[in-house]
Amino acid sequence: MIAIIDYNAGNLTSVKRAMDYLGKDSVITDDYSRIINAERIVFPGVGAAGKAMADLKKRRLDQAIIEAFNTKKPILGICLGTQIIMETSEENDTKCLGIIKGKVIRFTRGSARFKVPHMGWNTIALKRNHPLFQGVDRDSEFYFVHSYCPAPEDPEKILGETDYITRFASVLAAGNLAAMQFHPEKSGAPGLKILANFCEWDGRDYVE
Amino acid sequence: MLSKRIIPCLDVRDGRLTKGIKFKGNVDIGDPVETAAQYYMEGADEIVFYDITASHERRDIMIETVRKVAEKIFIPFSVGGGIRTIEDMRQVLLAGAEKVSVNSSAIRNPGIISEGAEAFGRQCIVLGMDVKKVRVTDKIPSGYEMVIDGGRTYTGIDALEWARRGEALGAGEICLNSIDADGTKDGYELTLTGLISSNVNIPVIASGGAGTPEHLFDVLKDDKADAALIASMTHYGSYTIKEIKSYLNSRGIKVRMNW
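Chains as they are written, first to last, in our numbering: chain B, 3 to 210; chain Y, 1139 to 1397.
Just so you know, the hints here were simulated from the structure itself, not pulled from any lab data. Computed from a predicted model, the values in this text were never measured in an experiment. Keep in mind that a hint or two might mislead.
Said to hold, decoys possible - Going by beta-carbon spacing under 8 Å, a handful of chain Y positions derived as facing chain B: (1) Glu1209; (2) Gly1259; (3) Glu1311; (4) Ile1317.
Claimed, not checked - Heads up, incomplete: computed chain Y residues facing chain B, CB under 10 Å, no partners named: (5) Arg1197; (6) Ala1208; (7) Trp1397.
For glycine and all other residues, C-beta sits at the position ideal for the given N, C-alpha and C.
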């Protein structure tokens, strides 16, 4: 069973629908024990970091995610979920989970060409192979919508980068955790392929 | 680099497309769910549904349509038309839409933009703008005025002023429709699009007037618009999305070519 973490952040149902489409059992839940007992975990979400962290804490879900990470369960972060795993966010000056060291920073407008939010389809330059991207064409595009982006301290944690205003970390990987700033559930066939790969993933960070 | 989005717009009334849509080599279909699925397969980057159901009591039909679409297509889609309250927004978003678009209702009650952004996030709220070119006056310094009721009612609100206000209130995107260009197939209103897009810091979707792929090139080049709405040019089989995108790609506009 895949647990989709429910913390009042929008967009949970679209991940569930994609899992249904792939024929994978999943449940949207805010139940601590259900989450730590799940086979794998999706941590999605759109919205603001401050409110998201407050909602997570209220339900002790911050502890559930950290425990799931420590017990090596495969975890997939999406969009806001990807930002929340960092240490701090400039959005609402929020202290986050700190699973990956570094902060979440706001895009600053560079010129008329660059609007915020970064909204639409963009490519990813993968720095190495990863099980989640097996069978995904390198020139595939993915759907982004965000005004903040993660900035990990350790470059080893950056799996993929995307160009918008600056070159930013669009995919993070740390052992059994993979996290992406784009929405795989809204990125057509390549996004569904990533979700399908996640459903089979054993949590190992490398491709043999 | 970010791709320019090509977005087909479907008009829906009582759960059916208002006109049949004919894909190349296909028969007419009037089902919004099947049509959306077809556009998804053909490489649309996003889909817009515009609900023109007259009666508010029949809104549940649209919600059911949104739910069915969300089971079949895995790209973003938005729903506009008849969204008057936060509860209307909630229903559409819960049914699976990414975004809701407010138009006349925002003119009548601008607070719905900020309330919607607060409740669901800015990225969910699209400000739909219907605009007509008018004489420049003190009240309408840009020479573009906001209109409602399909262009029949002038509001006395300057379009540029309204776009800036909409952004300040929390809109995450603007869908900018020129009533003058709409239905002409003579091309988008480029001056209007450039004016609005260069004066806000949120994405602008150009709407109204598309007849050929070159019209899309004109409105997307030099970053006038971030996305282009299309309707009849693909609805009746004159072009496929792929043909439009190949043309844009050949002229140096970055579009998503792999899906």
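Here's how the hints hold up against the structure:
At about 6 Å, the closest approach between the beta carbon of Glu1209 of chain Y and any beta carbon in chain B falls short of 8 Å, and the interface hint on this residue holds. With 8 Å as the threshold, the beta carbon of Gly1259 of chain Y comes within range of chain B, its nearest partner Cβ sitting at about 5 Å, so the hint holds. Of the supplied interface hints, the one on Glu1311 of chain Y holds, with its beta-carbon coming within about 7 Å of a beta-carbon of chain B, less than 8 Å. Because the closest C-beta pair between Ile1317 of chain Y and chain B is about 25 Å apart, greater than 8 Å, the hint is violated.
The criterion of a C-beta within 10 Å of any C-beta in chain B is not met by Arg1197 of chain Y, whose closest approach is roughly 19 Å, and the hint is violated. Here the hint on Ala1208 of chain Y is kept, as its CB sits about 6 Å from the closest CB of chain B, short of 10 Å. A distance limit of 10 Å between C-beta atoms decides the matter here; for Trp1397 of chain Y the minimum to chain B is near 5 Å, and the interface restraint holds.
Hint compliance for this structure: hints 4 and 5 are not met, and every other hint is.
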